[in-house]
Amino acid sequence: QKEVEQNSGPLSVPEGAIASLNCTYSDRGSQSFFWYRQYSGKSPELIMSIYSNGDKEDGRFTAQLNKASQYVSLLIRDSQPSDSATYLCAVGDSSASKIIFGSGTRLSIRP
Amino acid sequence: GAVVSQHPSRVICKSGTSVKIECRSLDFQATTMFWYRQFPKKSLMLMATSNEGSKATYEQGVEKDKFLINHASLTLSTLTVTSAHPEDSSFYICAPISLGSYNEQFFGPGTRLTVL
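Sequence order for the protein chains is A and B.
Using my numbering, the first residue of the first sequence is number 2, and each one after it goes up by one.
Using my numbering, the first residue of the second sequence is number 91, and each one after it goes up by one.
Just chain B, with the same shape it has in the complex (with noise of 0.2 angstroms):
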């Protein structure tokens, strides 16, 4: 399977406060980036669709001005959580993909985010 890395693995702040995680595909480009973030004992709920140089497609219910998408690149993309509330605690995960992978995604290795 595909290496994908994320950063940080877990991050603790306080309320109020934007935290920003990395994704990097390491061996693969990945043309479009997921994201997800899953709640305790509940399934992925897809957060965001983006695709390289352009604007990232939110799902309903997502606000697209609090989590902040980039994909500036073909092997990074970062969501950032603005103004972070205790709400905003999950398990945020990435899954990229390349073109012609008939959407097989790999995930991250996902971030922990604590917001106290």
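The following block holds chain A by itself, in its conformation from the complex (with noise of 0.2 angstroms):
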């Protein structure tokens, strides 16, 4: 069963802090890797794509991708009331044929 594991949160993060999000992933031969973002009773919005190792920055995102420890992250720089949604880590299986969704981190940010 190939699995996409993400803490549920709720994480708290005052104003104008960064904010980490962290993401793990079972299949060694995944090769993309997605952030979506989330806001209540909508549906989730790509943020970010990453397919190699190592950063990737758009704005304040910036993505991480570790493929030897199985681990990518999200930081948001700058944190703004309006980053508060829950967060879904994607990755795509070793077949291409299709992505798997981690069950989400509830980020709340604080005035």
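In short, the hints are calculated from the structure, not lab data.
Any given hint could turn out to be false.
[Unchecked claim] Quick look at which bits of chain A chain B covers, simulated, 3 or more residues with Cβ under 8 angstroms:
| id | stretch |
| --- | --- |
| 1 | 46-53 |
| 2 | 102-112 |
[Unchecked claim] Listed below are the simulated DSS-like cross-link pairs for lysine-lysine, each with C-alpha atoms no more than 25 angstroms apart in a straight line:
| id | chain 1 | residue 1 | chain 2 | residue 2 |
| --- | --- | --- | --- | --- |
| 3 | A | Lys43 | B | Lys131 |
| 4 | B | Lys154 | A | Lys99 |
| 5 | A | Lys43 | B | Lys104 |
Where a beta carbon is used, it is the ideal one built from N, C-alpha and C, also for glycine.
Hints given; two lone chains; assemble the complex.
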């Protein structure tokens, strides 16, 4: 059973601080990794994709991938109240036929 | 990102009726369509994968005769929940992808189904 694990939270972070979200996955052959943001009652929105080891930055977001440790993370700098949402980690399976979602981490940014 | 529409956004129906949900990719050709459902406070669960012009592949535990998927064109796929029951009440979301997109999925806005 291929799995993607996330801490469900809630993770509470003060406004302006860095929020760090973590994810581990079981399929060593995975080649694609994604972070989605989902507001309550809405569908997920893709915010980052990463395919190779290291860091990838996009604005206030940085995705980090370590395939050897089967670990992917998302850093959100200068956290804003609008960042409060559930963040879903998703991993493309090794057959590249689908992606597997974690259960999500609920992030709350307190003013 | 890609532009995806779903219709209807919300539907309430009586038990035993069938409900059809449409998913359209507006600015690209969707060679593959994923259909998910999400129960309250739970993660996304993949129901089925369909490729344009061929039969859908259903995940374990998803009844293919109950959840009918049609992917007749590169811009439209439909999911029909047949003989819906209260336990089918959920948030249904489509995610079309195109060839070469490396599994990058852009979700439709979702359809909230409530079966009374």
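Consistency of the hints with the structure:
no.	hint	in the structure
1	46-53	holds (count 4)
2	102-112	holds (count 4)
3	A/Lys43 to B/Lys131	holds (12 angstroms)
4	B/Lys154 to A/Lys99	holds (18 angstroms)
5	A/Lys43 to B/Lys104	holds (24 angstroms)
The structure meets every hint from the earlier list without exception.
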